[in-house]
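Novice: Here are the chains, one letter per residue:
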Amino acid sequence: MIACADEKDVDAAVAAARRAYETVWSKLSGTDRGKYLFRIARLIQERSRELAVAESLDNGKPIKESRDVDLPLVAAWFFYYAGWADKLDHAGLGLDPQPLGVTAQVIPWNFPLLMLAWKIAPALTAGNTVVLKPAESTSLTALLFAEIVQQADLPPGVINIITGGGDTGRLLVQHPDVNKVAFTGSTVVGREIARAVAGTQKKLTLELGGKGANIVFDDAPLDQAIEGIVNGIFFNQGHVCCAGSRLLVQEGIHDDVIERLKHRLSTLRLGDPLDKNTDIGAINSAKQLARIEALSSAGEAEGAVRWSVPCRLPPKGYWFPPTLFTGVSTHHAIAREEIFGPVLSVLTFRTPEEAIAKANNTPYGLSAGIWSDKGSRILAVADKLRAGVIWANTFNRFDPASPFGGYKESGYGREGGRHGLLAYLQPRTWTGDGPVGQRGTVKMSSVKPVKPVERSRKAARKA
Amino acid sequence: MSRLMIPKTYKLYLNGAFVRSESGRSYKVSDDNGIFVANVAMASRKDAREAVVAARVAFAGWSGASAYNRGQVLYRIAELMEGRREQFVEEVYRAEGGGKEAAASQVEGAIDTWVWYAGWADKYAQVAGNANPVSGPYFNLSVPEPTGVVATIAGRRPCLLSLVSLIAPALVSGNTVVAFPSQAHPLPALSLSEVLATSDVPKGVVNILSGSPAEIAPWLASHADVNALDLTGAEDLNWIELQMSAAETLKRIIPPETAAWAAWRSLDRILAFTEIKTIWHTKSVI
Numbered sequence: 001m002i003a004c005a006d007e008k009d010v011d012a013a014v015a016a017a018r019r020a021y022e023t024v025w026s027k028l029s030g031t032d033r034g035k036y037l038f039r040i041a042r043l044i045q046e047r048s049r050e051l052a053v054a055e056s057l058d059n060g061k062p063i064k065e066s067r068d069v070d071l072p073l074v075a076a077w078f079f080y081y082a083g084w085a086d087k088l089d090h091a092g093l094g095l096d097p098q099p100l101g102v103t104a105q106v107i108p109w110n111f112p113l114l115m116l117a118w119k120i121a122p123a124l125t126a127g128n129t130v131v132l133k134p135a136e137s138t139s140l141t142a143l144l145f146a147e148i149v150q151q152a153d154l155p156p157g158v159i160n161i162i163t164g165g166g167d168t169g170r171l172l173v174q175h176p177d178v179n180k181v182a183f184t185g186s187t188v189v190g191r192e193i194a195r196a197v198a199g200t201q202k203k204l205t206l207e208l209g210g211k212g213a214n215i216v217f218d219d220a221p222l223d224q225a226i227e228g229i230v231n232g233i234f235f236n237q238g239h240v241c242c243a244g245s246r247l248l249v250q251e252g253i254h255d256d257v258i259e260r261l262k263h264r265l266s267t268l269r270l271g272d273p274l275d276k277n278t279d280i281g282a283i284n285s286a287k288q289l290a291r292i293e294a295l296s297s298a299g300e301a302e303g304a305v306r307w308s309v310p311c312r313l314p315p316k317g318y319w320f321p322p323t324l325f326t327g328v329s330t331h332h333a334i335a336r337e338e339i340f341g342p343v344l345s346v347l348t349f350r351t352p353e354e355a356i357a358k359a360n361n362t363p364y365g366l367s368a369g370i371w372s373d374k375g376s377r378i379l380a381v382a383d384k385l386r387a388g389v390i391w392a393n394t395f396n397r398f399d400p401a402s403p404f405g406g407y408k409e410s411g412y413g414r415e416g417g418r419h420g421l422l423a424y425l426q427p428r429t430w431t432g433d434g435p436v437g438q439r440g441t442v443k444m445s446s447v448k449p450v451k452p453v454e455r456s457r458k459a460a461r462k463a
Numbered sequence: 001m002s003r004l005m006i007p008k009t010y011k012l013y014l015n016g017a018f019v020r021s022e023s024g025r026s027y028k029v030s031d032d033n034g035i036f037v038a039n040v041a042m043a044s045r046k047d048a049r050e051a052v053v054a055a056r057v058a059f060a061g062w063s064g065a066s067a068y069n070r071g072q073v074l075y076r077i078a079e080l081m082e083g084r085r086e087q088f089v090e091e092v093y094r095a096e097g098g099g100k101e102a103a104a105s106q107v108e109g110a111i112d113t114w115v116w117y118a119g120w121a122d123k124y125a126q127v128a129g130n131a132n133p134v135s136g137p138y139f140n141l142s143v144p145e146p147t148g149v150v151a152t153i154a155g156r157r158p159c160l161l162s163l164v165s166l167i168a169p170a171l172v173s174g175n176t177v178v179a180f181p182s183q184a185h186p187l188p189a190l191s192l193s194e195v196l197a198t199s200d201v202p203k204g205v206v207n208i209l210s211g212s213p214a215e216i217a218p219w220l221a222s223h224a225d226v227n228a229l230d231l232t233g234a235e236d237l238n239w240i241e242l243q244m245s246a247a248e249t250l251k252r253i254i255p256p257e258t259a260a261w262a263a264w265r266s267l268d269r270i271l272a273f274t275e276i277k278t279i280w281h282t283k284s285v286i
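Chains A and B, in that order, give the protein sequences. If you read the first sequence in the working numbering, its first letter stands for residue 1, the second for the next number, and so on. If you read the second sequence in the working numbering, its first letter stands for residue 1, the second for the next number, and so on.
None of these hints come from the bench; they were simulated from the model. Just so you know, nobody snuck in bad clues.
Derived list of chain A stretches under chain B, where covered just means 3 residues or more per stretch with a C-beta under 8 Å from a C-beta of chain B:
hint : region
1    : 389-398
2    : 411-425
In silico negatives: residues of chain A with every beta carbon more than 10 Å from chain B:
hint : residue
3    : S26
4    : D68
5    : N231
6    : E302
By construction, the Cβ of each residue, glycine as well, lies at the ideal position given by its N, Cα and C atoms.
Sequences are here, hints too, so could you generate the full structure?
Specialist: Structure (structure tokens):
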């Protein structure tokens, strides 16, 4: 059993974060904030095996992935942002940019600890304090992380972890003493949060759903492309917001690609997440499995042709075999809705223009892939794709130095890199003829005096 | 005998054309002393929808134009405004009162704002984008791109400067715009549309609708093909409601409170309606 934070708990967590912000964290030098983050990074490396096992136990993802992808990236994220703490003058917001205050962070179940790192590392390095709520079904590694925070001897209240479901998340996001909300999860909840912060001075970043197009041209290096397609949709059982869930294949190579894909998929090993040979682990929850099954049935009902790997599923737990649909049209539900599971929808195209039009034909805009041997074509297509992350001749690559985030209804704001830092900072407001010009801001007689958000909130509280 | 002057008919600027509202509606505009000046078209919901279509169609061309070209077009707007400086001063003065000097200062501010933003078109990406040193054999670059169609509610005063200060930064990166100027003082904005029409701004890139933002803005806020909402001048509207409505399609929003980055001329105004695109490309291992 894991505790479910209620209103009093959320209040207490936010109050602790506020206290830590005002008395300790915002007064600490950047160098010292950075040192704390470096400590956390090291502690994660030291305990990475334990954390990987816990992650796979809790989430169902193959240990191969939690050990070789999630955990190295978690540590790298803290290392990367640790180094920013005393270099914020160079972030692009002018001299002495200011933190926002208390940040409320709500994260999903697909990469529990990695999403925690994406949220906490930039927030802390910028000088904010944190209240984070992990997903209801994957809270274990966040709680282990709390232990690491203690081992790093972080001042109390700088990081607060509260567990619970949607109601807890709602309380946290709507708490009046929160300055910044960062959310990763479904577009439905993202909308709800955007509505909830409307009219408040809370800053908001949202990393939501996707329906990524993976475009394969007929001159693509096919062996690599097949690996990339498989990695694009079957990595982490397809529980990936930026998954390449729509495969767009140039007509002439369609049959060849499908045949190779089926062959490759048949060699994937599905089963015990803790077996280091396992490629495909378990579906995270009964609810998610039901959704994948429902959308797959809809795909068949709408006339697409289903093929699933003919493998035996373990008798206990939630499992779904790697599946691909051919003969998919753009209007099919499986071509429009995010399935968030190991299901690939295959469509075809003839010309680059058609590929671009089909790829962009979605309210989402998170990721896309392009496979071709022709560099000029890759760059031209990349220019026209309306998506925040484009992988050319690769897919599902992540790095703390590389910004990640969506266009359109996939959300706003970036995580990772210098851009990810900007989501947790605000420019310092300069007056007179001082450094204003450095930010490219021109003082004019008609400009109203302005106050930074955080400061005006403080004033409001005192009043 | 003195000559009888010819009053101008003020229309909507929609898809590069000057049109009356399809609804046939108009409303009276008075000067600062309450004296009648003109009947202007009162845009309808359908006009707004058509403006969004025009802006969407224009997006590919405008965002696809070279940054150098967009900068030149914005500078051209300044040139043509300068040529009609006296007319704008007169219109602003009649609308807002407050002395000719203040009106002249506002018009000059508006012209200089175009010049300032014109220079950003081929530079902002260098400031806002960068190469990312990722671990692995990848070329990795982040670049800003325009968000898409931006709906803009300009403030009441300064009626000309506020409109220019909102649409110029949106145009710099290649966004297209559907703008509501001040409802009470729309004439300088409508004259600005004559400048836009002759400044090599492609049709549909800017659409200017006079009328009631309170009536029409909710339709723009909920419109699925509008990507962003600039509510800087929406203080008098129920802007929280608009923001909540815009949340349904996750629009990018500048709320009316004048946050630090919402100063009249700022790089932040350009970046508010851009998206960072990050491109990974494999490098072969040699």
